[in-house]
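Asks: Each chain, letter by letter, is given below.
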Amino acid sequence: MTETTESKKSGSIWVKIQNIPLVPLQLLFVVLIIIPVVAGISIPSTPSTSVKEYYDFLADLPEGSVVIFNSQMYGWNYGDCAPGCAATMNLVLSLPNNLRFIVMFVSSDGGMFWDTMKKDFNVELPSDKKYGEDYVELGWYVGGEVGFSTLLDDFLTIFPEDRYGTPAEELPVMDNVLTGDDISVIIASTSLSALVDYEVRQAYSRYDIPLLFAPAGMTVMSVIPYYPYAVKGYITGLTGAAQLESLMGITSLTSKMGTAFSFMTLEAFVLAILGIVGGYMQTREEGE
Amino acid sequence: MVVELLSIWIPIILVVIGLSFVFVDWPGWRFCETIIIGGGTGHTVIMCFRNIDRTIITPIGKGSYILIPAILFGALMYFRFAPKNIRWLQRYGYAWIVGGGLGIVISTMIQGQILPAIAESAKIIGLTSMDTLNNIISFVIFVTVLSYFIFTKEHTGILGASANIGRKFLMIAFGLGFSALMMTYFGVLLERVLWVITSIGL
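In the order they appear, the protein sequences are chains A and B.
Going left to right, the first sequence walks through residues 1 to 288 as the working numbering numbers them.
Going left to right, the second sequence walks through residues 1 to 202 as the working numbering numbers them.
A portion of the hints provided could be inaccurate.
Computed spacing ranges between beta-carbons, pair by pair [to be verified]:
id	chain 1	residue 1	chain 2	residue 2	range
1	A	I250	B	N164	48 to 58 Å
2	A	I13	B	N164	29 to 39 Å
3	B	I56	A	S42	45 to 55 Å
Calculated cross-link-like contacts (lysine-lysine; reagent style DSBU-like; alpha-carbon spacing at most 35 Å) [said to hold, decoys possible]:
id	chain 1	residue 1	chain 2	residue 2
4	B	K123	A	K232
5	B	K153	A	K129
6	A	K130	B	K62
These are calculated hints, taken from the structure and not from any lab test.
Keep in mind that this is a model prediction, so the values were computed, not measured.
Heads up, the beta-carbon is just placed ideally off N, CA and C, and yes, glycines get one too.
Required output: the full structure, derived from the provided sequences and hints.
Replies: Now the structure itself:
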């Protein structure tokens, strides 16, 4: 009787699924991600409401408004945040309302990763835009919330010059950008929940500045509680960036990544379901 | 030509070695880990010095002497490495940071986070039926999860049932959080894999 049960168990499909070696599965997982990119397979992405609001908010800003981009993109979250940064920079600098785009970084290596992002995603200034007049990279601020609070009170104390050493007074894009009162919107790309909270506390609460977010997937749960009263729109990680690009009508590396990401999620979903059902069935069989 | 090739292949090899940690922990992986930590620390130290020069030393040189006490209080934090009898001086540096930080956070937390969140949840006019349903669900989750954390009374009867439902909501939230974390990991992995295949010209 025991022998019969044992043989029944070892023959069960669920037991076999549980015993598939992990390494070939992991390699298969990576190969299946590559195939859609190499083969050029594209899944159309439909923009969500929050992505449309993100786009519309920027498009509806008055002529020459000041847009601050606070980037917390670094090595750990680069893959999920960089597409959002690239798509946002492309959007802001291509809109007809001539927005002033001011970029600053939360961490010391923010500038380095910003440069990498521009190279990897082929982000270039449009021919009618100039560095220093329409766009500037200020560098990084220290002190987290305290630093952020101080820069909203007095921008020039924290950023007397841009990251290349040009004094702020010589940058036309910085004209009349002195305090939080001069800022139209702050966009943040981050995987840090604390950054979301402190922007709401310092920018929205003290200066009533509307916020937009391009968070990593893991951080979107920290953004949603402030939507829509403080946060006017958000694009979630890689998929949000791909949706924003589809709204803008452009196709780039981000769109390809969005398709590969969809395949990846599908694979993970199938594997997770097989694992859960397999584990449950195996436990049930062992109990019989 | 050689430099160009190396600038492509060295990062690719390092990325592949980095990803190999999924399969095995080996000296090659530790070498990569050490490069990241060493390189990252070196970069941060240099950037910190540049920042101190930009925001402290240069302004003091231009006459902003008000910044000198800030340097002194900041330097007090290094007294944690001093002999024991004067180590207590470090507390003044920390006291400034903690006190100032708390002052900035607490004053804005109530008006920026707590009150608007309550106002949004309690809104009943001009809402769609879906918003009303959302608000009701949020309220139920709020009450049941809060009841789970009441430890001064035994979880029996109504409190027990409520705490039990609250526990389920917590599990859903943690599961959602974990899946969101996995999505970020997927994005990071995907970017590196695509970068490798793009770099080798596929």
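Asks: Would you say the C-beta atoms of I13 (chain A) and N164 (chain B) sit inside 29 to 39 Å of each other?
Replies: holds (35 Å)
Asks: Quick check: does the Cβ-Cβ distance between I56 (chain B) and S42 (chain A) fall within 45 to 55 Å?
Replies: holds (51 Å)
Asks: Starting from the hint 48 to 58 Å, judge whether the C-beta atoms of I250 (chain A) and N164 (chain B) obey it.
Replies: The hint (48 to 58 Å, Cβ to Cβ) holds, given that I250 (chain A) and N164 (chain B) are roughly 50 Å apart.
Asks: Take the C-alpha atoms of K123 (chain B) and K232 (chain A), compute the straight-line distance between them, and say whether it is at most 35 Å.
Replies: holds (18 Å)
Asks: Starting from K153 (chain B), check that the Cα of K129 (chain A) is at most 35 Å away, please.
Replies: With Cα atoms ~65 Å apart, K153 (chain B) and K129 (chain A) exceed 35 Å; violated.
Asks: Is the straight-line distance between the alpha-carbon of K130 (chain A) and that of K62 (chain B) 35 Å or less?
Replies: holds (30 Å)
Consistency with the previously given hints fails for number 5 only.
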